[in-house]
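One letter stands for each residue in the lines below.
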Amino acid sequence: MPKRVLIIIRIFLWLAAVMAAGWFMYMKIVPSGKISYTYNFDQPGYFIGKLTPADRVVAARGETQIKGDPAYFSLAVPRRFEKARVTVKFKNTTDFPVLELGILNDKVAWSYDLKPLQNKVVDQLALVWPVVNGADGSRLIQRDKKYDTIEKFLSNLPPYQEIGLYDYKLDHEFLLDKYAPTPEIKIYNCNFRGAYQFYTYIKNEDLNYSFDFNDLNLNADNDPVDIKVYSAAGLIYTRHVADDAAADSERQTSFKIPNLPEGVYRVSFVANDDIVSKTISSQQSQFSLINKVWLGEGGETARVLYSNSRLLSAQTINPASLGKIEVGQEIIDLKETYRQFSLKTASQPVAIKLAKPDIILSGDGVFAFSEQSLLDPRLKNIDGNLDINQEQINYILTAYQSPAVDGEWYEATADFDLTKAYQEKSKYQFLISLPGLKAEEANAGMLAIKEIKVDLSGTSLIKKLKKYFGR
Amino acid sequence: MKLFIHNFLQELFYALTGAILIFTFLEIISPGMVLAYFNLNYLLLFWPIIGIIVVL
Numbered sequence: 003m004p005k006r007v008l009i010i011i012r013i014f015l016w017l018a019a020v021m022a023a024g025w026f027m028y029m030k031i032v033p034s035g036k037i038s039y040t041y042n043f044d045q046p047g048y049f050i051g052k053l054t055p056a057d058r059v060v061a062a063r064g065e066t067q068i069k070g071d072p073a074y075f076s077l078a079v080p081r082r083f084e085k086a087r088v089t090v091k092f093k094n095t096t097d098f099p100v101l102e103l104g105i106l107n108d109k110v111a112w113s114y115d116l117k118p119l120q121n122k123v124v125d126q127l128a129l130v131w132p133v134v135n136g137a138d139g140s141r142l143i144q145r146d147k148k149y150d151t152i153e154k155f156l157s158n159l160p161p162y163q164e165i166g167l168y169d170y171k172l173d174h175e176f177l178l179d180k181y182a183p184t185p186e187i188k189i190y191n192c193n194f195r196g197a198y199q200f201y202t203y204i205k206n207e208d209l210n211y212s213f214d215f216n217d218l219n220l221n222a223d224n225d226p227v228d229i230k231v232y233s234a235a236g237l238i239y240t241r242h243v244a245d246d247a248a249a250d251s252e253r254q255t256s257f258k259i260p261n262l263p264e265g266v267y268r269v270s271f272v273a274n275d276d277i278v279s280k281t282i283s284s285q286q287s288q289f290s291l292i293n294k295v296w297l298g299e300g301g302e303t304a305r306v307l308y309s310n311s312r313l314l315s316a317q318t319i320n321p322a323s324l325g326k327i328e329v330g331q332e333i334i335d336l337k338e339t340y341r342q343f344s345l346k347t348a349s350q351p352v353a354i355k356l357a358k359p360d361i362i363l364s365g366d367g368v369f370a371f372s373e374q375s376l377l378d379p380r381l382k383n384i385d386g387n388l389d390i391n392q393e394q395i396n397y398i399l400t401a402y403q404s405p406a407v408d409g410e411w412y413e414a415t416a417d418f419d420l421t422k423a424y425q426e427k428s429k430y431q432f433l434i435s436l437p438g439l440k441a442e443e444a445n446a447g448m449l450a451i452k453e454i455k456v457d458l459s460g461t462s463l464i465k466k467l468k469k470y471f472g473r
Numbered sequence: 386m387k388l389f390i391h392n393f394l395q396e397l398f399y400a401l402t403g404a405i406l407i408f409t410f411l412e413i414i415s416p417g418m419v420l421a422y423f424n425l426n427y428l429l430l431f432w433p434i435i436g437i438i439v440v441l
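Line by line, the protein sequences give chains A and B.
Just so you know, we're using the numbering used here here: the first sequence kicks off at 3 and counts up by one.
Just so you know, we're using the numbering used here here: the second sequence kicks off at 386 and counts up by one.
Rather than coming from a laboratory, the hints here were simulated on the basis of the structure.
Every residue, glycine too, gets a C-beta built ideally from N, C-alpha and C.
Incorrect hints may have been included.
[Stated by the list, open to error] Chain B regions said to be covered by chain A (calculated; three or more residues, Cβ under 8 Å):
| id | stretch |
| --- | --- |
| 1 | 390-399 |
| 2 | 426-440 |
[Unchecked claim] Ranges between beta-carbon positions, derived for each pair:
| id | chain 1 | residue 1 | chain 2 | residue 2 | range |
| --- | --- | --- | --- | --- | --- |
| 3 | A | Lys-422 | B | Gly-403 | 42 to 50 Å |
| 4 | B | Tyr-399 | A | Tyr-28 | 20 to 28 Å |
| 5 | B | Tyr-427 | A | Tyr-28 | 19 to 27 Å |
| 6 | B | Phe-431 | A | Gly-139 | 27 to 35 Å |
| 7 | B | Asn-426 | A | Arg-81 | 24 to 32 Å |
| 8 | B | Val-440 | A | Asn-42 | 37 to 45 Å |
| 9 | A | Gln-403 | B | Tyr-399 | 54 to 62 Å |
| 10 | A | Ser-140 | B | Asn-426 | 31 to 39 Å |
| 11 | B | Val-440 | A | Ala-441 | 22 to 30 Å |
| 12 | B | Gly-403 | A | Tyr-28 | 14 to 22 Å |
[Stated by the list, open to error] Which chain A residues stay away from chain B? Per the calculated CB distances, all over 10 Å, these:
| id | residue |
| --- | --- |
| 13 | Pro-72 |
| 14 | Lys-358 |
| 15 | Lys-465 |
Turn these sequences into a full structure, and let the hints guide you.
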């Protein structure tokens with residue numbers, strides 16, 4: 003073989019290897035700042051993980067069926083990006099109308115930033131009620147057309163009880179007519195386990211709360227506590243209590259914020275399940291837990307809570323806590339651990355009588371220890387549990403856009419800010435939520451996912467270099 | 386012809402050796418850089434087969 007031919011072959015082969023290495027590095031660095039990944043369930047993907055858990059998901063040819071809510075998938079990224087646009091191709095023939103996609107924001111509080119994929123209630127109403135479109139893509143759906151533009155609606159709002167929202171933040175003032183501050187300290191012997199949030203109300207008084215909590219130290223992780231206070235405008239106070247292995251397991255923290263205007267405030271106690279809030283003390287009389295509370299072991303065994311939730315769920319991980327829970331005139335029978343049992347309440351507010359501790363209650367409303375301290379400033383959310391006619395909703399304001407139709411499939415897109423999302427080892431966690439869908443129950447219809455596509459965008463290499471070299 | 390094939394396979398073997406070393410190094414410094422797109426097992430299977438043919 004002539005030596006020249008040998009050299010050419012050698013150069014060609016080594017060039018191929020070096021070019022392949024160069025291509026791998028290019029795909030890792032993503033110099034343009036934009037890259038897309040698609041997962042269509044035909045074969046395992048590296049960047050978009052398969053849907054889990056296995057007992058809620060059934061793999062079929064070219065699609066995956068979700069039998070239980072929620073299902074999760076992960077997104078691995080080659081480097082840091084700022085935004086993710088996720089497009090999901092799906093088919094939802096179940097009776098559950100609201101399908102949402104979320105990204106994990108806080109691992110300790112297990113909170114997801116949820117975005118709508120489909121809301122059949124809004125879709126159906128938009129077909130029969132007059133719709134006014136806003137310049138920013140929002141829609142006003144009215145039972146009878148009274149407003150020509152969204153701006154006119156916002157400047158002359160009807161009574162709040164007639165307004166329903168979906169994927170829309172409407173700033174509105176919520177004041178209690180007959181509220182008067184009281185000097186005595188209220189002590190809640192609550193034994194709340196893990197993270198929780200609550201609404202409270204002040205008028206011409208300091209906003210002050212004191213928390214006595216225990217660190218169970220069941221797991222070896224650090225157990226810090228973060229307290230965040232929000233007004234209608236946003237975060238106004240934050241306090242971090244670090245875990246101290248040398249200190250006593252019983253700890254205390256408090257805050258006192260003076261000179262705040264009258265109104266509702268949201269307090270968020272962010273902690274993992276090793277932390278149990280034994281008592282909460284405050285002068286404020288309004289104390290309503292938002293959406294979920296874990297009433298841990300110890301403290302009062304039998305207690306009554308009140309809730310304005312339309313759909314109530316209960317669960318326990320403790321076999322000793324199995325049993326019946328009275329919810330108004332009805333019963334939730336906790337027959338199994340680690341399984342959620344739900345009930346649609348006939349009327350609100352409803353009294354929930356708990357005979358045993360260590361129960362996790364969740365709902366679409368708030369929970370309080372007395373009917374008088376029930377406080378929910380939120381406008382009604384348009385979901386599968388809301389009866390539009392019964393609740394006398396005449397106006398729906400939404401930024402949600404109906405999914406596009408592609409044959410028998412729907413395609414919806416949601417945008418996420420990755421700079422605020424939680425990531426671990428360059429992986430983000432996503433969730434697909436169809437509230438009401440339970441794997442252990444027979445459901446009419448199905449939810450199938452055909453394709454998940456993620457478009458990532460971030461700073462390009464050139465911009466990064468310019469920033470680094472200070473041009 | 387036989388000599389041509391032998392020389393070609395020998396060059397291929399050297400190039401594959403270099404490729405394995407480079408790709409493994411890339412995978413060590415940034416996990417997933419190579420494996421996200423290419424299964425190194427195929428290379429690790431193909432490389433010794435070529436080597437055996439060259440030796441034989």
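Against the structure, the hints come out as follows:
no., hint, verdict
1, 390-399, "holds (count 5)"
2, 426-440, "violated (count 0)"
3, A:Lys-422 to B:Gly-403: 42 to 50 Å, "holds (43 Å)"
4, B:Tyr-399 to A:Tyr-28: 20 to 28 Å, "holds (25 Å)"
5, B:Tyr-427 to A:Tyr-28: 19 to 27 Å, "holds (21 Å)"
6, B:Phe-431 to A:Gly-139: 27 to 35 Å, "violated (53 Å)"
7, B:Asn-426 to A:Arg-81: 24 to 32 Å, "holds (25 Å)"
8, B:Val-440 to A:Asn-42: 37 to 45 Å, "holds (43 Å)"
9, A:Gln-403 to B:Tyr-399: 54 to 62 Å, "holds (57 Å)"
10, A:Ser-140 to B:Asn-426: 31 to 39 Å, "violated (52 Å)"
11, B:Val-440 to A:Ala-441: 22 to 30 Å, "violated (56 Å)"
12, B:Gly-403 to A:Tyr-28: 14 to 22 Å, "holds (19 Å)"
13, Pro-72, "holds (26 Å)"
14, Lys-358, "holds (47 Å)"
15, Lys-465, "holds (21 Å)"
Hints 2, 6, 10, 11 from the list above are not met by this structure, while the remaining hints are.
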